[in-house]
Amino acid sequence: MNRLKQAVDYLGVSRTVVIGFLLVLILSVFPLGINPGMIYSDCLVRIGMNGFLVLAMMISIVCGAGLNFGLPIGILCGLFGGSIAVQFNWSGLAGFWGACLVSVPFAIAAGWLYALLLNNVKGSEMTVGNYMAFSIVSLMSIAWLVLPYSNPKIVWPITGVGLRTTMTLEENYDKVLDNFLKIDFRAMGILQDNPYWKDFSLSTGLLLVFAAGCLLMWLFMKTRAGVIMRCSGVNPGFSRTLGVNNNRVRTIGIIASTVIAAIGINIYSQSYGFYQFYSAPLMMAFPAMAAILIGGATPRKAGVFNVVLGVILFQSLLTLATPVANAVINAGSISEVVRIIVQNGIILYALTKIRANGGK
Amino acid sequence: MENKKHNKAVEFLQDNMVPILFTVLCLASIKISGQNAGYVITETISRVGRNAILIVSLILPVLCGMGLNFSIVLGAMAGEVGLILITHWSFDGLKGIVLAAVIATILSVILGTLTGILFNKVKGQEMITGMILGFFAVGVYDLIFIFMVGSIIPMVNPEIMLNSQNEAGETIYVGLRNTIDFHAETKYAVDNAWKVMFVKFLPVFLACFAAVTAVILAWKLLKKKESVKEACLSSRGFIITSILLAVLQVLIKTVPAVTKAFFIVQVPVLTAIVIAAVCLLVVFITRTKLGQDIRTVGMNMQVASAAGIDVDRTRIVATVLSTIIASWGQIIFLQNIGNVQTFNSHEQVGTYAVAALLVGGASIDKATMGQVFTGTVLFHILFFMTPLAGKVLFNDPQLGEYFRVFLCYGIIAISLFLYAWKKVVAEKRRMQKEYEEQLAQLDGKQGQTGMTI
Numbered sequence: 001m002n003r004l005k006q007a008v009d010y011l012g013v014s015r016t017v018v019i020g021f022l023l024v025l026i027l028s029v030f031p032l033g034i035n036p037g038m039i040y041s042d043c044l045v046r047i048g049m050n051g052f053l054v055l056a057m058m059i060s061i062v063c064g065a066g067l068n069f070g071l072p073i074g075i076l077c078g079l080f081g082g083s084i085a086v087q088f089n090w091s092g093l094a095g096f097w098g099a100c101l102v103s104v105p106f107a108i109a110a111g112w113l114y115a116l117l118l119n120n121v122k123g124s125e126m127t128v129g130n131y132m133a134f135s136i137v138s139l140m141s142i143a144w145l146v147l148p149y150s151n152p153k154i155v156w157p158i159t160g161v162g163l164r165t166t167m168t169l170e171e172n173y174d175k176v177l178d179n180f181l182k183i184d185f186r187a188m189g190i191l192q193d194n195p196y197w198k199d200f201s202l203s204t205g206l207l208l209v210f211a212a213g214c215l216l217m218w219l220f221m222k223t224r225a226g227v228i229m230r231c232s233g234v235n236p237g238f239s240r241t242l243g244v245n246n247n248r249v250r251t252i253g254i255i256a257s258t259v260i261a262a263i264g265i266n267i268y269s270q271s272y273g274f275y276q277f278y279s280a281p282l283m284m285a286f287p288a289m290a291a292i293l294i295g296g297a298t299p300r301k302a303g304v305f306n307v308v309l310g311v312i313l314f315q316s317l318l319t320l321a322t323p324v325a326n327a328v329i330n331a332g333s334i335s336e337v338v339r340i341i342v343q344n345g346i347i348l349y350a351l352t353k354i355r356a357n358g359g360k
Numbered sequence: 001m002e003n004k005k006h007n008k009a010v011e012f013l014q015d016n017m018v019p020i021l022f023t024v025l026c027l028a029s030i031k032i033s034g035q036n037a038g039y040v041i042t043e044t045i046s047r048v049g050r051n052a053i054l055i056v057s058l059i060l061p062v063l064c065g066m067g068l069n070f071s072i073v074l075g076a077m078a079g080e081v082g083l084i085l086i087t088h089w090s091f092d093g094l095k096g097i098v099l100a101a102v103i104a105t106i107l108s109v110i111l112g113t114l115t116g117i118l119f120n121k122v123k124g125q126e127m128i129t130g131m132i133l134g135f136f137a138v139g140v141y142d143l144i145f146i147f148m149v150g151s152i153i154p155m156v157n158p159e160i161m162l163n164s165q166n167e168a169g170e171t172i173y174v175g176l177r178n179t180i181d182f183h184a185e186t187k188y189a190v191d192n193a194w195k196v197m198f199v200k201f202l203p204v205f206l207a208c209f210a211a212v213t214a215v216i217l218a219w220k221l222l223k224k225k226e227s228v229k230e231a232c233l234s235s236r237g238f239i240i241t242s243i244l245l246a247v248l249q250v251l252i253k254t255v256p257a258v259t260k261a262f263f264i265v266q267v268p269v270l271t272a273i274v275i276a277a278v279c280l281l282v283v284f285i286t287r288t289k290l291g292q293d294i295r296t297v298g299m300n301m302q303v304a305s306a307a308g309i310d311v312d313r314t315r316i317v318a319t320v321l322s323t324i325i326a327s328w329g330q331i332i333f334l335q336n337i338g339n340v341q342t343f344n345s346h347e348q349v350g351t352y353a354v355a356a357l358l359v360g361g362a363s364i365d366k367a368t369m370g371q372v373f374t375g376t377v378l379f380h381i382l383f384f385m386t387p388l389a390g391k392v393l394f395n396d397p398q399l400g401e402y403f404r405v406f407l408c409y410g411i412i413a414i415s416l417f418l419y420a421w422k423k424v425v426a427e428k429r430r431m432q433k434e435y436e437e438q439l440a441q442l443d444g445k446q447g448q449t450g451m452t453i
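These protein sequence lines are chains B and Y, in that order. The letter at position 232 of the first sequence is residue 232 when you use my numbering, and the numbering goes up by one with no holes. The letter at position 36 of the second sequence is residue 36 when you use my numbering, and the numbering goes up by one with no holes.
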């Protein structure tokens, strides 16, 4: 009992409620006649898909720049790398990592510029970053149309210029990470007589990459540079007296956030099977933000634990909500509407927790 | 002397950089698209007519120091609810619109109060909060009008609701249709109530405007005992507008090309009167005690609080007023469109209104009526011309479409950046000055001790 109380204290009441609700959803799958193996596999895939984007959000919080509303900038760099990879027909695991590698230099450059911008507007990073990201997304929409892509597979069929809105990765690296060391019960013939578990599969590669990312981030936070970054983020004034160059720390953090976002969108897209261009990246920062906040982070403090817990809670809730809601009340797209309300409600709640001039 | 004049010209250019740049862009896209002047003018008048009030609604929060109120989306939703209800009740025509406005006002007071309370919890982050609040409200609105109407909220109306079959095979109505057409009498009710040809309207309008200008000038000269130069300077907006109108009138009378361009243009007089009334209301509010409070809070919350102003309450009142005006603006907007896209009409209201205001030369902490109208005209000309220009230039209207979205977000981003940057630089300068003062004090003390030793 004491243990339980300790756990609740550690997680906070609201998070315990969310976890309880999630457990109810997870168990309700059985009586409602939804195929549990399939839905649990989906949850795991969704967690792996979105994990890196949430990690990107975390390092931006740790370095003191708050919630990174400029995540789409990193995502655009990743999409640019990906579009180059598909243009030259790269495929397989090598092709995927090639795409990530190509996007990194762009992400570093963009991240550096973005950090320069944010360091000049301390206290209004969120507002400025948000609209800067929006305008760059729309600027890149023009770029997607006019850049000289020539691979007939990815340009508009009739005119022959400009990227399509969605670009399939079927012949490139569709699900390469998902299928890496994949444990598929159906293909392997495990538990095939069990009606509940016969469709279960575990996307080992995807989850391994996420785990590796989390581990690296956790290790980085333990290094000297990581400790300085945490210190500078939590209390910039105090760090300055210790001789820490806050602006430099923030620059490093924001560049790292942009690079991780660039890799993150490639991971997301290979699992999704498509790259989405034009206005798709516009709103991609918000689910990542909601995930890390639901995991217990605040706009001033975050850790790897918050990332893992948050992405598991948020993405599982979303994945489970659709079939469960449909089975219970038969109301089509209600889960999408609930997602909008929950996601933005969480962000709003977190915003009210930042006091005025909290950035100073 | 000449140098001074030169400086003044440069200053003028710097102060009005954004409107000038956008005027150039507008003229270029009109030229490129090759549309005739009549079309451009008709379209501009109709767009200014339907958007002006939405943009006016942004002024009070700006004066109150809360920045650009992206949460006018909530006001827009209130307006939509009003219009949907009068369509449901078949309470049509002008009286229906008035009823819709009343409903919208009541809803706006509630929503605006809640928004104001939220804004008071996030002082300094109102803009981003307003934006997220807009998204949140869209979710709640969808929840109510897709799922609750018909199931929890009792309402049956095949005309505006979606039908489906339940398990028992009965037809049930749940959720609103995506597009709700207004009834014939409600459509364009305000616009069509009193339409006048522009060529006939202009002389009357010019006379009225000139008279108002003259009254203001006379009042300033005689009552306030200002000098002629001062009076002219302080009411230069009125004088310039009168002169421009007069020039236009002369041009229409003398130049055939201009006459032709304006010949088909009609002016919805009632809409114009409503817009003028709302503008006057806002100007009137800024002149009252409440307006003074709003300005003081906008300048410095600590000072206002020390002066005995209830800061939180003033901010809530400003938000409520902004939301109410936005709801009226959305009603005028939608009656001009003729239908409501139930789930999309309000989506971009905040972004477009804010961008238009900024195009007019306003900033995060300063906005005037002149900027509202300059901005509305420039932004909306650009808004419908860029796809046409893009089609001519690149054979692709999509490009112009993306360009206008980019302009929209870009102008907001740059204004926000400049404002935040100025604030940071001012803060740095203040700290530097304090530091130097402290150093000087220290030096002075050391000097004294040195003397005694």
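Possibly wrong hints are sitting among the right ones.
Stated by the list, open to error - Calculated lysine to aspartate or glutamate pairs in the DMTMM-like style (CA-CA distance at most 25 Å, straight line):
#1 B:K175 with B:D199
#2 Y:K8 with Y:E226
#3 B:K353 with Y:D312
#4 Y:K195 with Y:E185
#5 Y:K195 with Y:D181
#6 B:K353 with Y:D310
#7 B:K153 with Y:D396
Please keep in mind that the hints were generated in silico from the structure rather than gathered at the bench.
Now the hints, each set against the structure:
1. B:K175 with B:D199: holds (18 Å)
2. Y:K8 with Y:E226: holds (23 Å)
3. B:K353 with Y:D312: Answer holds: K353 (chain B) to D312 (chain Y) is near 17 Å, not above 25 Å.
4. Y:K195 with Y:E185: holds (15 Å)
5. Y:K195 with Y:D181: holds (22 Å)
6. B:K353 with Y:D310: holds (22 Å)
7. B:K153 with Y:D396: holds (21 Å)
Consistency with the previously given hints is maintained throughout, with no hint failing.
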